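Trainee: Make a model of the complete structure from these sequences and hints.
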Amino acid sequence: MAARTVPIVAVAPQGTKDGAFEYLTTRKDELIGWARKFSLFPYPFVTACCAMEFMAVSASPYDTDRFGAALPRFSPRQADLLMVVGTVTHKQAPVLLKVWEQMCEPKWVMAFGACATSGGFYQNYATVLGIDHVIPVDVYIPGCPPRPEMVIDGIMQLQDKIARGSHPILTKTF
Amino acid sequence: MAASALETLQQHLVPTAGPATLSHGCLVFTLSPAELVPTVRRLRDEFAFDIFLDVTAVDWPADALRFEVVHHFYSTLHKVRVRLKMRVAEADAVVDSLVGLYGSAAFMERECHEMYGIVFRGNGDLRPILLYEGFVGHPLRKDYPKQREQPLVPYRN
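As they're listed, the protein sequences go chains A and B. Mapping of the first sequence onto the numbering used here: position 117 corresponds to residue 118, and the numbering continues sequentially without gaps. Mapping of the second sequence onto the numbering used here: position 109 corresponds to residue 689, and the numbering continues sequentially without gaps.
If you are wondering where the hints come from, they were derived from the structure by calculation, not from laboratory data. Treat the numbers as computed from the prediction; the structure is a model and nothing was measured. From the three backbone atoms N, C-alpha and C, an ideal C-beta is built for every residue, glycine too. Do not take every clue at face value.
Calculated pairs, DSS-like style, for lysine-lysine (alpha carbon to alpha carbon, straight line, at most 30 Å) [unchecked claim]:
1. 92/A / 722/B
2. 92/A / 659/B
3. 99/A / 726/B
Per label pair, the in silico range of CB-to-CB distance [stated by the list, open to error]:
4. 684/B / 42/A: 40 to 46 Å
5. 670/B / 92/A: 22 to 28 Å
6. 618/B / 52/A: 43 to 49 Å
7. 52/A / 714/B: 26 to 32 Å
Counterexamples of contact, computed for chain B against chain A with all Cβ distances above 10 Å [unchecked claim]:
8. 624
9. 669
10. 672
11. 696
Mentor: What follows is the structure, encoded as C-alpha cells:
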C-alpha cells in the first residue's frame, strides 16, 4: 500500500469518505458475540410467584431493557433466551422441553429463582428438582425470589458468557 | 343467627346422623359411609346447605379403619358450616359419590381419589386431575415415599 502523501483530516468534506474510518478490524466471534449479547429476546416461561419479581425487574425502576433483554417474545421460535421463572412440576416438564426444542439456535436458558435452579424448598412427588434435569441451563439465579440486582447480575454474566463464546455462523468452525 | 341455626340442625340431624360436636363454629358429625347420602340430601333440601366446599381425607396408617373421609358444606342462608367425617378401611375405601346432589363434587372427588385412593361410587370420571396419567400410587398417603419421583421426561443426567 502506497504511503499517504496528504495528511488525514479529522472531518471529511461533505459527501466524501474519510480514509481514516473506512474499515476496522475485529474478530468474528467478538463482533457477533457483541451483537448477540445486546439483543437477547427472552421467552418468559413463568409458572409461579417469581413472576412478580420478573415483572419488577422488567419494569422501569430496574429496566432490563438497558441490557437489550426486555422484549419478551411470546413464541419460543422468535426467542434466544428461555427464562424459566418459577417451580416446574413433573407434569409441566414435557411442556418445558417442547418449548426449549422449538427455540432456534443460538439459544440460552436462565433458571430464575431457587425452584427453577434446584427445586427450592420442594422435595416431593410433584416437583422437578431443578430444570437442568430436563434442559441445559446457562445461568442460575438463586433466591426466593431473587432480588432484581441478582437478576441483572445474572443477565450480565450471561452477556459475558455470550461475549466470550464462539459463534459459528456459516459452518461448524466459522 | 348462626348459633340458632346450628342448634336447629343439631336437634334435627343428631337422631339420624349421630352425635355432633362444635369445632371452631363448625358443626361436626361423625357418621358411617352408608349414612352419607341421606344426610347430605337432608342438609341440602331441608337446611339450605347450598355449597359443597370440599372433600378430602385423613390417613391414619395405624388404624384398622385407615382413612377418614371429610366433607364440608356451607349454607349461604344461615352462614354456617358443617363437617361430615366417616371412616373407611384401606381394603374397602369406598364412599358414595355426591355428584347427584352437587355438580362440583365431580372434580373434588377426582382430586381426593388420586391423592388418597378413595373410590367414589357413582362418580363415573375418576381420571387424575392434578396428577398425570401413568402416575403410580397415591402421593398424600403417609406410606408414599417423600422423595419418590415419577418423571415424565427422562433426566439428562
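Trainee: Against this structure, judge whether each hint is valid.
Mentor: Cross-check of the supplied hints:
no.	hint	result
1	92/A / 722/B	holds (22 Å)
2	92/A / 659/B	violated (38 Å)
3	99/A / 726/B	holds (28 Å)
4	684/B / 42/A: 40 to 46 Å	holds (43 Å)
5	670/B / 92/A: 22 to 28 Å	holds (27 Å)
6	618/B / 52/A: 43 to 49 Å	holds (47 Å)
7	52/A / 714/B: 26 to 32 Å	holds (29 Å)
8	624	holds (34 Å)
9	669	holds (24 Å)
10	672	holds (25 Å)
11	696	holds (13 Å)
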